[in-house]
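Chemist: Make a model of the complete structure from these sequences and hints.
There are 6 protein chains.
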Amino acid sequence: MRGLFIGRFQPLHNGHISIMKAALEEMDQLVVVIGSAETSFTEKDPFTAGERMEMVMAVSNERDWNDRIIPVPVRDLNRYSVWVDHVLSYVPKIDIIYSNNSLTRSLFMAKGMEVKGTPLIDRTDLSGVRIRERMISGEQWKMFVPASVVGLIEEMEGVSRLRSIFGKGDGT
Amino acid sequence: MRGLFIGRFQPLHNGHISIMKAALEEMDQLVVVIGSAETSFTEKDPFTAGERMEMVMAVSNERDWNDRIIPVPVRDLNRYSVWVDHVLSYVPKIDIIYSNNSLTRSLFMAKGMEVKGTPLIDRTDLSGVRIRERMISGEQWKMFVPASVVGLIEEMEGVSRLRSIFGKGDGT
Amino acid sequence: MRGLFIGRFQPLHNGHISIMKAALEEMDQLVVVIGSAETSFTEKDPFTAGERMEMVMAVSNERDWNDRIIPVPVRDLNRYSVWVDHVLSYVPKIDIIYSNNSLTRSLFMAKGMEVKGTPLIDRTDLSGVRIRERMISGEQWKMFVPASVVGLIEEMEGVSRLRSIFGKGDGT
Amino acid sequence: MRGLFIGRFQPLHNGHISIMKAALEEMDQLVVVIGSAETSFTEKDPFTAGERMEMVMAVSNERDWNDRIIPVPVRDLNRYSVWVDHVLSYVPKIDIIYSNNSLTRSLFMAKGMEVKGTPLIDRTDLSGVRIRERMISGEQWKMFVPASVVGLIEEMEGVSRLRSIFGKGDGT
Amino acid sequence: MRGLFIGRFQPLHNGHISIMKAALEEMDQLVVVIGSAETSFTEKDPFTAGERMEMVMAVSNERDWNDRIIPVPVRDLNRYSVWVDHVLSYVPKIDIIYSNNSLTRSLFMAKGMEVKGTPLIDRTDLSGVRIRERMISGEQWKMFVPASVVGLIEEMEGVSRLRSIFGKGDGT
Amino acid sequence: MRGLFIGRFQPLHNGHISIMKAALEEMDQLVVVIGSAETSFTEKDPFTAGERMEMVMAVSNERDWNDRIIPVPVRDLNRYSVWVDHVLSYVPKIDIIYSNNSLTRSLFMAKGMEVKGTPLIDRTDLSGVRIRERMISGEQWKMFVPASVVGLIEEMEGVSRLRSIFGKGDGT
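Protein chains in written order, with this note's numbering: chain A, 9 to 180; chain B, 9 to 180; chain C, 9 to 180; chain D, 9 to 180; chain E, 9 to 180; chain F, 9 to 180.
Keep in mind the hints are simulated off the structure, nothing from the lab.
Among the clues, some could well be false.
One copy or two, either will do: identical chains are not told apart, so a pair holds if it fits within one copy or between any two.
Below, in silico cross-link-like pairs of lysine-lysine (BS3-like), each with a Cα-Cα straight-line distance of 27 Å or less [stated by the list, open to error]:
1. 29 / 124
2. 52 / 101
3. 29 / 52
4. 119 / 101
5. 29 / 150
Modeler: Pasting the structure below:
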């Protein structure tokens, strides 16, 4: 059986890991859709799809999930009426969607697909937006992100990138 | 003579009805452009163009305007410099535009078209955004919407859709 | 019951009339999708969506189908994997698709929708491409098109438009 | 040597002039990219690319920079990962980029291009957003904009356009 | 008075020069729209908009037209119903269009603009498509192109680029 | 070291296998870009990106390349001037491009990247277009495609899909 899990992974954090782990307990494989694939170098989406592919691959490697995690970058369409078929046209056949997002759940269920909830995560810290805020303000963030992903972010100089995006001062 | 009236109809409410009625007193037919046709399942635009077509058709039917109201869904271009010609390429020939929106008025007048104001409506309640807020918060909303449209919204489970969009909790 | 029929109507001809007529024998209403809505002033698609709306409306009027034919312009997406949902997001709810096009049939059937064939038409003459060729070369074409549509095409100076598109001589 | 300077010029103001002047002290020519070229008639971008071309041309004329300033309108792509090549595909070959924007600087430097800072400008008044606010509220704004551009804005009735955009009262 | 002339300039050749020259006899300035601005590295459109800007600038320089020729790259929209306003939104205000293309002529005239013909050019040789064919096959082509443009094409290694596009051998 | 190989895989055939095999002799991993990712259900591109993902995954599985082949669907932009950065934004960091296509080679080399040729393949039979022709005409095709991919195509009823696309008889 193959599951589907959709995220933006800006960056991939321990909350995502818990969801992947839980899904892989039930599924043979998990397709990990890297959403908003064409957005990058913005405050909300600093990393490119390719960099996020690397994050997913690093984690798969670390945890020996190489044959079981299938990352697929998918761009936004900003049209929810065709969004399910857009996603499905990009991925190998799947059996179940894992999501707690009420809109995602409704849209997939409306197409007759099976949807399952994901483990509840404490969003206080395990949230992309919080981790990016910590990166910008200089607070601790590395404990919320897998070690291999921390390494990648350092290699890409991700924190300084995020700060130059944040402070870009358009002023127009 | 044929008039043009542009709205988003999220949902169609009694304010729209007053405008249509006033325009039909002067015109043989009224083209009703259903704007932002490709946006749906968002907080601001929960209903699809097709669902909004059904709302307009239900009202036309109810009021015996079938031969006189011509609904046409038109997507946004987000480019005002070509917007008038975009709209005009989608609709049968028209003589007059009905609008109180100052930008719409200027853009159509700049093309040499005749523009007329619409009856003033009390926006406290007769506004899409207020009606959607009422739907979300559980306040009364049905008195602001024609009965046939209330019926359609119930059939589509529109209120629960709007709530699952509102509470989607992206948290990323 | 409501049917769906998709065409480009460049221009609307007697073949389309036969199909509409046959469908209306079985259905209460027929949604007539005016495809490639954003293409016009080309050799293959000389008329705008709005002009084609007028053609459908003229025919509905002539034949007393005003309450039963619902024209809806829909632009091309050029992405068949999401095309069915694209079309469905634009139209009021439908029960059956009328089409002889093998790809249209497969795509809608793959979504679990009921698809019916349309009456066979002699394509030698009742084909948009043939009628446009006749317009360009100066051959007879009016016998293949409803009288009201002939009138509209004359009003729009459609034949001379088609010729100026055809002979545009880019030469670059 | 040819420099590159990117702005939105909504409207062109004395801050832009200082930057152009400083760059022309070092460069033979300066390519002036008119960004967000396809956006107009919005609160943030009231003027069309063509109108902004006229502003740049008026200033070039006034200051005898006709052979040295090369205005080029370039639309937004909203994809920073390909943005540098997008801009470069639109302009004649350049040697140096002038920018204080930290994101622009990083993106061009990542492509191995030379980037220089521009003179610091007092953003309290010399900022497009502040000038547009002054136009809307009826405060003084003409002292911040070159005389020839003031003339153009008056000819286009720019202030009243901006106000009709601002007060458009969508209310949906 | 300001004229408008639209071309693709793949490459700029002596036929374009004749048209510019004739227009400049009647006009103070000529806006030269570089069409299909976003297409490049194809057989029909080998050069980028920026490279074609350079061709126009080189010719202006050579002929002392610097203050009178205003090149503006404009991308295709592939929607003729909004095309005139698209072009007009990109350029400074113009008085007259110069064109022999029957479609361009009709579209601008339909907007109430004045359109003038251009000098007839012998298309046997003075045509972009013929010059590109000569480049590919190794025939003489330099006599049909201004010397300064020949120089630019050599600098860009334009002929070998065109051949690698032509022979790309996709074979899929 | 990581290589990059770009194909459309309509369908994946033995020619692709030879290239992957050769590249994997030199590289640790090979990123396999599934091009034209958003095109499907056309004569030239019958299979969706997701179906082509399955083909690549089936082959990786069969040949024990699971940790070494990284398939990534990437849509067309139809803008060669930004195409390299578009592709690179989608994939994990790569060291070398494998391609015999002269345009691809030039574009990547112009960005300073290393490009290597791929083994020469007899295009008489090992070509997507030839295999699709054979599928349509009923000739033998299975000997040119890996067994696991034949199995997938049969499961998807790919041949009958291709025929219904081919014979769609638009006739408009």
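Chemist: Indicate, hint by hint, whether the structure satisfies it.
Modeler: So, going through the hints one by one against the coordinates:
Taking the closest pair of Cα atoms, residue 29 and residue 124 come within 27 Å of each other only inside a single copy of the chain (14 Å); across copies the shortest separation is 39 Å, beyond that limit. In the homo-oligomer, the alpha carbons of residue 52 and residue 101 lie at most 27 Å apart only across protomers (22 Å), although the nearest pairing inside one protomer, at 30 Å, exceeds that limit. For a Cα distance limit of 27 Å, the shortest separation of residue 29 from residue 52 inside one copy, 25 Å, qualifies, whereas the shortest one across copies, 36 Å, does not. Proximity of residue 119 and residue 101 under a CA criterion of 27 Å is satisfied in both settings, with 14 Å inside one chain copy and 15 Å between copies.
Taking the shortest Cα distances, residue 29 and residue 150 sit within 27 Å of each other inside one copy (20 Å), while across copies they are farther apart (39 Å).
The structure meets every hint from the earlier list without exception.
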